[in-house]
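Visitor: These are the residues of each chain, in order.
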Amino acid sequence: MRGGRYILAAYLIFLMLPIYWLINMSFKTNTEITTTMSVIPLAPTLKNYAEIFTNATWYNGFRFSLTYVVLNTIISISVALPAAYAFSRYFFLGDKHLFFWLLTNRMAPPAVFALPFFNLYSAIGLFNTTWAVALAHCIFNVPLAVWILEGFMSGVPREIDETAFLDGYSFPRFFVRIFIPLIASGIGVAAFFCFMFSWVELLLARTLTNNQSISSIMTRTVSAAGIDWGLLSAAGVLTLIPGALVIWFVRDYIARGFALGRV
Amino acid sequence: MDKPLDNRAWFLVVPVVAIVAFNAVLPLMTVINYSVQDTFGNNQFFWNGVGWYKDLLDPSAELGSRFLAALGRNSVFSIIVLAIEVPLGILVSLCMPKKGPGVAFCLVIMALPLLVPWNVVGTIWQIFARSDIGLLGWTVNHLGIDYNYTAGFFAAWFTIIVMDVWHWTSLIALLCYAGLKSIPDAFYQAARIDGASRWAVFRAIELPKLRRVLLIGVLLRFMDSFMIYTEPFVVTGGGPGNSTTGVSIELVKIALGQFDLGKAAAMSIVYNLIILASCWVFYTVMTNTREARQERLA
Amino acid sequence: MTMARIELNNLAHSYKHRFSDSSDWAVKPMTMVWDDGGAYALLGPSGCGKTTLLNIISGLVTPSEGKVLFDDIDVTTLPTEQRNIAQVFQFPVIYDTMTVAENLAFPLRNRGVERRRIAERVKQVASMLDLSSDLERMASGLTADMKQKISLGRGLVREDVRAILFDEPLTVIDPHLKWQLRGALKRVHRHSRTTMVYVTHDQTEALTFADKVVVMLEGEVVQIGTPQELFEEPAHTFVGYFIGSPGMNVLPAVVEGCKAHIGDSAITLACRYPKFASEKKIEVGIRPEFLRVGNGGQGLKVNLLRVEDAGSRRIVRAELDGLPIAAIVAEDAAVSAGCLSLEPDPEHVHVYVDSKLVRA
Numbered sequence: 001m002r003g004g005r006y007i008l009a010a011y012l013i014f015l016m017l018p019i020y021w022l023i024n025m026s027f028k029t030n031t032e033i034t035t036t037m038s039v040i041p042l043a044p045t046l047k048n049y050a051e052i053f054t055n056a057t058w059y060n061g062f063r064f065s066l067t068y069v070v071l072n073t074i075i076s077i078s079v080a081l082p083a084a085y086a087f088s089r090y091f092f093l094g095d096k097h098l099f100f101w102l103l104t105n106r107m108a109p110p111a112v113f114a115l116p117f118f119n120l121y122s123a124i125g126l127f128n129t130t131w132a133v134a135l136a137h138c139i140f141n142v143p144l145a146v147w148i149l150e151g152f153m154s155g156v157p158r159e160i161d162e163t164a165f166l167d168g169y170s171f172p173r174f175f176v177r178i179f180i181p182l183i184a185s186g187i188g189v190a191a192f193f194c195f196m197f198s199w200v201e202l203l204l205a206r207t208l209t210n211n212q213s214i215s216s217i218m219t220r221t222v223s224a225a226g227i228d229w230g231l232l233s234a235a236g237v238l239t240l241i242p243g244a245l246v247i248w249f250v251r252d253y254i255a256r257g258f259a260l261g262r263v
Numbered sequence: 001m002d003k004p005l006d007n008r009a010w011f012l013v014v015p016v017v018a019i020v021a022f023n024a025v026l027p028l029m030t031v032i033n034y035s036v037q038d039t040f041g042n043n044q045f046f047w048n049g050v051g052w053y054k055d056l057l058d059p060s061a062e063l064g065s066r067f068l069a070a071l072g073r074n075s076v077f078s079i080i081v082l083a084i085e086v087p088l089g090i091l092v093s094l095c096m097p098k099k100g101p102g103v104a105f106c107l108v109i110m111a112l113p114l115l116v117p118w119n120v121v122g123t124i125w126q127i128f129a130r131s132d133i134g135l136l137g138w139t140v141n142h143l144g145i146d147y148n149y150t151a152g153f154f155a156a157w158f159t160i161i162v163m164d165v166w167h168w169t170s171l172i173a174l175l176c177y178a179g180l181k182s183i184p185d186a187f188y189q190a191a192r193i194d195g196a197s198r199w200a201v202f203r204a205i206e207l208p209k210l211r212r213v214l215l216i217g218v219l220l221r222f223m224d225s226f227m228i229y230t231e232p233f234v235v236t237g238g239g240p241g242n243s244t245t246g247v248s249i250e251l252v253k254i255a256l257g258q259f260d261l262g263k264a265a266a267m268s269i270v271y272n273l274i275i276l277a278s279c280w281v282f283y284t285v286m287t288n289t290r291e292a293r294q295e296r297l298a
Numbered sequence: 001m002t003m004a005r006i007e008l009n010n011l012a013h014s015y016k017h018r019f020s021d022s023s024d025w026a027v028k029p030m031t032m033v034w035d036d037g038g039a040y041a042l043l044g045p046s047g048c049g050k051t052t053l054l055n056i057i058s059g060l061v062t063p064s065e066g067k068v069l070f071d072d073i074d075v076t077t078l079p080t081e082q083r084n085i086a087q088v089f090q091f092p093v094i095y096d097t098m099t100v101a102e103n104l105a106f107p108l109r110n111r112g113v114e115r116r117r118i119a120e121r122v123k124q125v126a127s128m129l130d131l132s133s134d135l136e137r138m139a140s141g142l143t144a145d146m147k148q149k150i151s152l153g154r155g156l157v158r159e160d161v162r163a164i165l166f167d168e169p170l171t172v173i174d175p176h177l178k179w180q181l182r183g184a185l186k187r188v189h190r191h192s193r194t195t196m197v198y199v200t201h202d203q204t205e206a207l208t209f210a211d212k213v214v215v216m217l218e219g220e221v222v223q224i225g226t227p228q229e230l231f232e233e234p235a236h237t238f239v240g241y242f243i244g245s246p247g248m249n250v251l252p253a254v255v256e257g258c259k260a261h262i263g264d265s266a267i268t269l270a271c272r273y274p275k276f277a278s279e280k281k282i283e284v285g286i287r288p289e290f291l292r293v294g295n296g297g298q299g300l301k302v303n304l305l306r307v308e309d310a311g312s313r314r315i316v317r318a319e320l321d322g323l324p325i326a327a328i329v330a331e332d333a334a335v336s337a338g339c340l341s342l343e344p345d346p347e348h349v350h351v352y353v354d355s356k357l358v359r360a
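Residue numbers (the working numbering), protein chains in the order written: chain A, 1 to 263; chain B, 1 to 298; chain C, 1 to 360.
Calculated directly from the structure, the hints in this document are not laboratory data. Among the clues, some could well be false.
[Claimed, not checked] The list that follows gives simulated cross-link-like pairs (lysine-lysine, DSS-like), each with its CA atoms no further than 25 Å apart: (1) C/123 x C/212; (2) B/54 x B/253; (3) C/212 x B/3; (4) B/98 x A/96; (5) C/259 x C/275; (6) B/3 x B/209; (7) C/16 x B/99; (8) C/280 x C/259; (9) C/186 x C/212; (10) A/96 x B/3; (11) B/98 x C/16.
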């Protein structure tokens, strides 16, 4: 596209400005943030980062969150793959309604569901564990994964499945060696979104644990004295890193073209 | 593509149903339970039947008027936001490089707004849009436009809309990009051989293949924007006045502020049903138009 | 329909940026001429370079070296859309949102052909391909073989097409429909006399479709010939082995003058051969069709493994010094168990040095 580069550049700049502002704030003192407009910190400080790196709570929070997010992503994608295949390749009793019902689970306003979730997970003894959050987040991530994967699977012609079976492939072998590479972009994008939605989710993570997740720890920056803007910004910058790494790792999957071919 | 009927496919779907139903059904029961009761606190509940529901849908009742007004604001917000994010997301995905080092660079930058925790998103924009200490506010005011989101109705709306576009457009763009990349090269090659122009390629190949992916994107964005809570709450608090108060903010005010669990539960059920109905309509229309076209066979 | 004489001059291609040894070449240096109106098959196993070669001809790949000429015009750097070729891909490429008729009309509409002419051409091509009754149906709901016909149709509908290239087009077609589609392709060729190049790894497809077959192995063209020539005189052991079912027997041998010694046995050759350097690999190739069960004395002494029934013929599987050997015998021939002697027809015994055919 001719004007494409400029549009893309403008968009990326638009995205980076508030991010830059966040980084900017993370190197400022609270006084500077709340009183002056400075594009570069006038009195730069590393205090905010020092606070995070020296306080074990932050590190533990990161580790805790990272654990349940990774767990959740793996669980969600694993159960979603066969289900998406079923929705994509077969008709079965109630399939259209089931497919839609899955999505409806993302429509629940979290505020009112927090208490019931608290009761449920306490009752099964998983309160305050990474597994609780990992499983609870399945309610919105599994439907998302199924929907995205089904969309990509439906783009693969059925003839490929049939040819593989005719060529003697067993179903697991076909699925792993032929099918999954063909839907690589879908898996990449679904995995990233699962990671992302789980990572930023605040309410359930806070309700189901004693404030162990990084998202709830960040709310500690609000105290009686007001918001610790600098600390919050530094924490914000640091929370970007795991997600950025994830998308960097799956970039090959997302950008994978669809190459059907032998020579 | 003909799909065979095979009920054994249910086995493939069972894990998904189990894990989602476990999380969904029991809490849902609790909420419905709350919605038909009233409380004076102290954990004492008594039956209220459909009382709350009647109030909700009655514009002259206090609850109803608040609810319906908030619903209206949510609808306007979602429509505006979708109208911007969907075309912009598609456009950006078409402009992204297909291979080379630029791909990773673009993907990472586009992912960053999505990864910011939502309260931090609100925090960034809260400062960013301020006329005294934020880059955006300062610049706009220096251009001569009077911009103060805590006081001005349009300023507040402008701020939350731009914030949402900044935050979420990448979702559509990433979905579309992945969708475009999964189009086999042979289609582009065949189109070249057929002498198709860029616009013809978009209409004949790219847009049809993107339909499924766009369906997901639009539904996701509609639901999330309709239920939005954290970001606008942090920035405007629902103000000025209640001009940016959507249903979620009302809900939290009622449930946590007033401890009216019954009213809140009923409101969230109705809220849920409205979203559900809109999505169902949209979904049915989208899938039916595809089937209807395929019905034009023999 | 115009035809094209396609010439490849010193053509070679490598996907790598720096090519040092021969294994980096996807297509090794070659020069070839494809005549007007012929039906050619590019045959070879996966990875032999046939699709690369096809893509160089069609313009989807620019060769690292050499030239491509259409009717003496250098098209090497011309993009695909300006070469007036059509290509049918491995799996059906159709435009989902259009009917069959709109699909067929697409290439003409893009080139600004006037409406009435478009309708005429679409009708003509549709009847050539048996699609006339389906013109108003949506293309997306059809079976794979019909979709491939539509892909082919989009190529035929343009009157300026000089050559049609096929990249393993029957890959996703149901086996019982393959022969139907093959027949349609042959009919189209006879009717339109356009140059057609057909890439495949299936010898049956190649041999039934093409007038001339180009066999490729590891980037090199090992033989070009009619199916008959490939069968009777394979220029390379690979050709002998790949074509024919079962393929040619290839046995290491020591060749002296008019005789070849294979293991303990000796057979007579049709003519004298010179002495070969001892470090070269000397082999003898005999097709199973040209081995008879002898009655002792002459021929190759082998141990019988089993006799397979293949309809009107029987395949004798045996081994000589641990090497497998096959012979085709008539239904009623007597085959005794244990040791046998197989007598070759000397006219059809070929000698190969380093896998290449040597004529005395």
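Visitor: Each of the hints needs a verdict: does it hold here or not?
Guide: Here's how the hints hold up against the structure:
About 31 Å separates the Cα atoms of residue 123 of chain C and residue 212 of chain C, which puts this hinted pair outside 25 Å; it is violated. Straight-line distance between C-alpha atoms of residue 54 of chain B and residue 253 of chain B comes to about 20 Å, which keeps the hinted pair within the 25 Å bound. In summary, the hint linking residue 212 of chain C to residue 3 of chain B is not supported, as the alpha carbons are separated by about 41 Å, beyond the 25 Å threshold. Simply put, residue 98 of chain B and residue 96 of chain A have alpha-carbon atoms about 34 Å apart, too far for the 25 Å limit, and the pair is violated.
This hinted pair checks out: residue 259 of chain C and residue 275 of chain C have alpha carbons roughly 11 Å apart, not beyond 25 Å. Restraint check: the Cα-Cα separation between residue 3 of chain B and residue 209 of chain B comes to about 19 Å, which is no more than 25 Å; the hinted pair holds. Distance restraint check for residue 16 of chain C and residue 99 of chain B: the Cα-Cα separation of roughly 17 Å lies within the 25 Å cut-off, and the hinted pair is therefore satisfied. With a CA separation close to 18 Å, the supplied pair residue 280 of chain C and residue 259 of chain C stays within the 25 Å bound.
This hinted pair checks out: residue 186 of chain C and residue 212 of chain C have alpha carbons roughly 13 Å apart, not beyond 25 Å. The straight-line distance between the Cα atoms of residue 96 of chain A and residue 3 of chain B is roughly 13 Å, inside the 25 Å bound, and the hint therefore holds. For the hint linking residue 98 of chain B to residue 16 of chain C, the alpha-carbon distance of about 20 Å falls within 25 Å, and the restraint holds.
In this structure, the hints that do not hold are numbers 1, 3, 4, in rising order.
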